[in-house]
Structures are given as C-alpha cells and as structure tokens.
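The listed protein sequences correspond, in order, to chains A and B. Residue numbering for the first sequence is 875 to 1480, as defined by our numbering. Residue numbering for the second sequence is 16 to 95, as defined by our numbering.
No lab work stands behind these hints, which were simulated from the structure alone. Think of the CB as a built atom: it goes at the ideal place given N, C-alpha and C, for glycine as much as any other residue.
BS3-like mimics (lysine-lysine), calculated; alpha carbons at most 27 Å apart, straight line:
1. B:K47 <-> A:K902
2. A:K1087 <-> B:K33
3. A:K1062 <-> A:K1379
4. A:K1255 <-> A:K1177
5. A:K1255 <-> A:K1196
6. A:K902 <-> B:K33
7. A:K1087 <-> B:K47
8. B:K87 <-> B:K47
9. A:K1087 <-> B:K87
10. A:K916 <-> B:K33
11. B:K33 <-> A:K890
12. B:K33 <-> A:K963
13. B:K87 <-> A:K890
Covered stretches of chain B, going by a simulated chain A footprint (3 or more residues, C-beta under 8 Å):
14. 30 to 41
15. 58 to 67
16. 71 to 80
Okay, here's what each chain looks like letter by letter:
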Amino acid sequence: MLKSGAAASEVLRDLKQSPSSYSATADKLMELSPRESERAVKVAVLATYTADPLGPYLVVEGARRSLEVTPEFLPYGQLETQLLNKDSKLYRTDPDVIVILTRLEDIAARILEVSATGGDVSSLVTDLQERMAIILEEARRQSTAKVLISSFSVTHLPLAGVADAMLPLSQDGLVAHLNTLLAEHCRKMPGCFILDINGLMAQVGKEQWFDDKLYHLGRIALSATAQARTGAAIARLIATLEYPAKKCLALDADNTIWGGVVGEDGLGGIALSDLYPGNVFKAFQRYVLNLRSRGVILALISKNNPEDVEEVFDKHEDCLLKSDHFVAQRVNWSDKASNLREIADELSIDLDSFVFFDDNPAEREWVRSNLPEVSVVEVPKDPMRYIESLERLEAFGLPVLSDEDRMRSAMYLSETKRRKARIRSSSYDEFLESLEMKARIASIGPDNMGRVIQLLGKTNQFNLTTRRYSEVDLQRLLEEGTTGLTMRLEDCFGDNGLIGVAIAKPCIGSNGRSIVESFLLSCRVIGRGVEDLLLAVLSERVVEAGRGGEIKLMGEFVPTAKNRMVSSFYADHGFAPVPRQKHLWIRNISEHPLQRPPHISIELDI
Amino acid sequence: MTLDIDSRIKSVMADIFKVSPADISETSNSDKIENWDSLAQLNLLVALEAEFEIEIPASDAVEMLSYGLVRKIVRERMGG
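Starting from the given sequences, assemble the full structure and let the hints guide the process.
Have a look at this one:
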C-alpha cells in the first residue's frame, strides 16, 4: 500500500505545467494502477463537444487529490442517446461519476439568438429546463453514480456586441438566470452537483477559454488552459464529494494573524491595521472569519504569554478575531503537537480533521513528523499569499452548505461552556438535569436527507457500523419498510442541531426480527444519555411497525480503527450476544422494552 | 541548439503518442505510430505550442503528419 502511494507521489513530483508532461504523467500513473492508497473512481464524461483531451488532466489532478480516476469519454453530442437509454455504453461502464459538459451554443443556440435581439425567451427557457430535467432524472433513475453537470456558459462574446448591456436580458444575465434555474433543480436531485464552468470561465477569461483552431479542427471547445482548469475543477469537486472536509483550522498568532511578535513589539507594535503591512494580516483575519462562518472551527496555538495575546483580542481595534472565535486555545510554551493532541481530545475531533497553519517552518516540521495525520499548510514567506496557500489546500470545501455548517462554531463553543458548567455542578446527574435537554425525533425525509448523509459520511467514533450511503442508496433503503430516525437536540446553551441517526430494517425472511443498519451520534453530545433515548425510540418504532407477536431487535457492531468507544454499546443496553456471531447482539424488545431516560424531554415528529 | 530542438520535439511526440523518444525517427509518421490519430494530432499541436511558445496555424497543423514535417513546421515558426 505504502509502496504504490509513494510511487504515485514520486511520479507527481516530476510533473511540469505543460500538456506533454500531463500526458506522460497520466500514462505513468495509469501503469501503477491499482493505486491502493487512492480511492478508485470511474468517471464517464458526456459532452456537447469533444472533451477527450481532459483525460490526462483528470488522471493527474485526481491523483494529486488521492483519487485514482479512470476516465471514459462517450462520443460527443449524445446527451439523450446515452442518458435516456438504459442499455447505453454509458450505463454499461457502470461509472461512479457522470460528468455532463455543455455549452449553450451547442444545446440552445436559439435562446442566445432570440435574446440578442431583445426577443422573449421564456418558452425557450422552459424547453431547455425540461430537457435538462429529463436528462438528470433519467440519469438518477438508471444509475447510482454522482452526477456533475456543468453550469451553462457561452464561449463566444455577446452576439449583440456593444448593445448587449442595454438588452432586456444581457447575455450574462441570461446565463445567470438559466444557472439559477439549474441550481434550483439540482438541489432537489439527490447526488447531483453543479460544476461551475461558467464561474471558472469568468476567472480565466473568455478569450483564454476558447481556441478557434482546436474547435474547428476537432470540435474541442476548450483551449489548452481551459482543459487544464476544467480537469482540475472536476477532480476537485469529486474529491470534495469523496473525502470529508477538514473541520478545524489551528492557527498560530505571531506573524500569522498579525505581523510581528506581540511579546516583543507590544500591543501597539504589531502589524494589524488598514494600512500596509497591517492590512495584509487584517485581510487574512477576514478570510479566516469567513471560513468560520462556513462551518470551520478555529483553534489557536501560540507560544506566548496568555495575557499578551488576550490583550490583543480585547484591546486592539483592528483585531477582527476575538477570543470567542476560537473554540480552543493553547497559549503556552509547550510543544505544538501535544497542544494539538489535547485540543483534538477536548473537541472530540480526529486529528486527521485538523489543518495546522504556522509561519514557523520548525513548528510545521515538528507537527508534521509527530502528527502525520494533521494537514500542515506550507505557509509562504509572503503574508499576502497566506490566503492562497490555504485555498490551494482545498481542505474546507463542502459540496453543499447546510444550516448546521453555518452554526457549527457556535455549537462547539457552547460545548466548551458546557464542560465548564459540568466542572461546577456538584454531581453529573444534577448537571444533566440542569442542561434542560429537549430532543426532537423525526423520520428521515427530504427535509433532513442532506444532513443525514453528511453525518453518516463523516461520523467515525460513535458509529456502530460506519456504513456510508449516497442519497440514492439511502432512499432505496428507506423504501424497504425501514425505520429511519433523526434526532435534534436543544439544551440551555443552544441548539446542537441534528446530532443522531438511527436506521433499522426488518430482516428478510426472519419473522419479527429487525436489525440496526446504522446508529450514530455526533461526538459533541456523547455521554448525556441521548443515545439511550434514541435507541429506546428506535425500538418503540420497530415494535409499532411490526405485525404484533414477538419482536426482536438485532444490533451489529462493525469494529473500525476509530469506533472502539461503542464496542460494548449493545451489551450496555441489555442485548445478549448472538451465539457464534462475533459482532451481533439481540434483544426481545416487545417483551423487554428499552426505557427512555428521564432527564430529556421529547418531541416526536414521525 | 538545433539538436536540442529536435530532441525536445521527439520528447513531446513521445509523451503524446505514448512511445519512447527512441522510437521517433526520420521515418516516423502517422501511419506507423499507432496512437497518432486525429485527436492525438490536436494534442500534439497544443503540446508543441506550449513547449516552444509558438503558434502553429491550422493549415500547418493538419499537414504535420510525420516527424520530418513536424520538425520543419516547428523550426519555421521558431524563425529558424
């Protein structure tokens, strides 16, 4: 395993930013297949133009993100031919990801022409939306692959020339309108995501995006630059879908969130202001706060006197970051690896969910060698490039933002306050009482599906079976008479959001027996009896769903490197081991129902 | 210098056509190299333009179907 991983990274080390180097590197990577340290992904590309030159970029940019991509290009211009026919070559290759690339010129040239003369495009827009809806729905019905569809874009400059901006609907306005409608549709389609080619094209520039020669000689609607950028964008989106995002950004203080050393330069001497060079650090702080508002939690690890750092947070007028923004702080003189390990414990977050950002190369090396699972940012010397270096890591990307993501920091912070409250409460039972917990248990449905998939996908510790599901898998499972529950939890400190999922399905052919497929709890609420409640309600539901008589619930524990904390979960809840089945447990729940814990009030919404 | 350009051309062709540079000789052409099809022709065009920072017109791009022609056209474009 290590060998093939090492070989792949060696091949990547020789990569140069040239088309021939990508081509040669892709060939070498394919020879190393299967590359065991990478996730294998079959990617089928369907385009309205010749997209085959993307191949090497998909392979190489995939490998840079630990994906072993095997690209398959279907003949161009066959969206319907391939997607609407269940026996098509597309479905026969059984792809993991279907990429659909379009240009408005190819699929809806008429809209562009009518719009450029100020005509009414509404019926044409409806036609296009219907066409795309059919394509996507059919893809969803025929395949469990993730579907990435490009945003609509126009390669050429506005048809109406200088008059474009005066039109009722300018070309860009039209494209934006169509993309809003496309996004609306994709949000409703499980496992369907937009690849923002239009945004990428704007970033690179239309003139750079298109190469007349390649188009007229070979119907390739992507210039050399566009090929490279599109390949990387596809690989990035797939990696975001395949691998969980990092959760915590651990920052240094001196020369990181401000310029200079506060212990030496003093409060007034550090660089943090609206003027150069202080504005560079202020911009970095603003960027970090934006990450936080998108759900990344922040930690501070600084070798300093705590009073000095606290003074900056409290008194420096240009310091946007405040003490409260950090869910954990270690301002001390101990080594940063130990500090990180402590924070990981405190927040119940795995070390592989941390990104470490420190301007000091020695600290980075120390963390890298002691905690190889932590992502260490190669921080550039120039603070103006700090943001770029973090962006380049692509560590914090989420394919879709949920309300929970935006609230996460607040939730972790109140967890820290809770821990403090617990220390003050005289007994743990009193503490639990004082939390005034309110649980709301609901069925898994369209409203919470996204968050459920996320939790199933990233919960490692309190997870009995660690089964991951795509939305499609989960929907299928729920159709089979399965009981699927979610739990939200509120307490005196605030809303913890959706923190638990439990799924039980009847065993085939075995009368009155159900098995718990998945049972998990978000780490920040462990140890408060909520798991007892969720299991009790799950078994009540299973009994109600049964046809009377004796109902038995089986529990399964699938051990992983991370879930040892729940190895005795079923034993602790009065389940008996199933003879000769190492990880299976059983309990007669119609005769011996499980008790709901008294200290949590319940609202059922099933 | 001339030799240097030639070996760079061979190396680009080898990368694109998935062969070893040693397999590219004076007599190599699109009939003899298996992967040299119309799509690879355009990949070669893009790769040569990037490697030598030149622009090859479409009329030349469709002509360069042998190593000899590739070399001639690249050299012309480089003003040599």
